[in-house]
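*Asks:* Residue numbers (the numbering used here): 1 to 226.
DEER-style ranges, computed between Cβ atoms:
| hint | residue 1 | residue 2 | range |
| --- | --- | --- | --- |
| 1 | Asn150 | Thr109 | 17 to 25 Å |
| 2 | Arg37 | Gly101 | 19 to 27 Å |
| 3 | Ala197 | Ser147 | 20 to 28 Å |
Calculated from the structure, these hints are not laboratory results. For every residue, glycine included, the Cβ atom is placed at its ideal position computed from N, Cα and C.
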Amino acid sequence: MKSFGLLFAVVCVGCGGSGGGDGAVPPVPGHCEDVSRLDTSHEPTENPVWYFNASHFDNFGTRWPDANVHVRFNLPVVNGSWDENWMPPAITDGVFAEVNGLIAANGGTMRLIVWDWNTDPNATIGIEVYDASLSPTLGHGIDTSVSWDNDTHEIAYASVSLGVFYDDSCKRALLKGGLLQAVGFAGYTSDGGVMDAEIYNAVVTDIVRDTIAGLYAVPPGTIFAP
Numbered sequence: 001m002k003s004f005g006l007l008f009a010v011v012c013v014g015c016g017g018s019g020g021g022d023g024a025v026p027p028v029p030g031h032c033e034d035v036s037r038l039d040t041s042h043e044p045t046e047n048p049v050w051y052f053n054a055s056h057f058d059n060f061g062t063r064w065p066d067a068n069v070h071v072r073f074n075l076p077v078v079n080g081s082w083d084e085n086w087m088p089p090a091i092t093d094g095v096f097a098e099v100n101g102l103i104a105a106n107g108g109t110m111r112l113i114v115w116d117w118n119t120d121p122n123a124t125i126g127i128e129v130y131d132a133s134l135s136p137t138l139g140h141g142i143d144t145s146v147s148w149d150n151d152t153h154e155i156a157y158a159s160v161s162l163g164v165f166y167d168d169s170c171k172r173a174l175l176k177g178g179l180l181q182a183v184g185f186a187g188y189t190s191d192g193g194v195m196d197a198e199i200y201n202a203v204v205t206d207i208v209r210d211t212i213a214g215l216y217a218v219p220p221g222t223i224f225a226p
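Turn these sequences into a full structure, and let the hints steer you where they fit.
*Replies:* Here it is, written out as structure tokens:
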């Protein structure tokens, strides 16, 4: 079993600091809805499945097996109980549907599901959501680590840490970016979309769609070339 760790650092429009490191809460909502930065002119010319996945795994396409993958959330505790306002179903339902749709685009059958938010014993993706305004050393962003089997080239476990503020647009962008890395998108784009190293919006650009759809259209362990 091998693993790799990836880190997203988020620059928030209007946060008053890169990555929210000063702990400041954004003064207004909507700062993760800036689509003016979208620019696909810098997309790599190589096969995107190789570039954003297989090149990180000795040229083998590495992904989850064709089955339901359970996701468990760990949310901030407020007054002794989990506070689902930090990642409400109005956000999670749409994000999960979109990511599952990318996987299914070319016939992929793996599906992300939330069986029990906090206690699912079968969960193999864990998502921790913390209050970035109270954790300035951790910052406002995504930290994803993925473990996989080096023989089957199947992902076995992923851990995602999301530092969020009470701002729905950024919660949506961070959750989408973390899930996309958890299902096999390695590295960053330079197109201003959600997989850019600096997240300003939740837009999934074509090269990200092609990567995920192409990865899940073939069995794990398929060899890819540039």
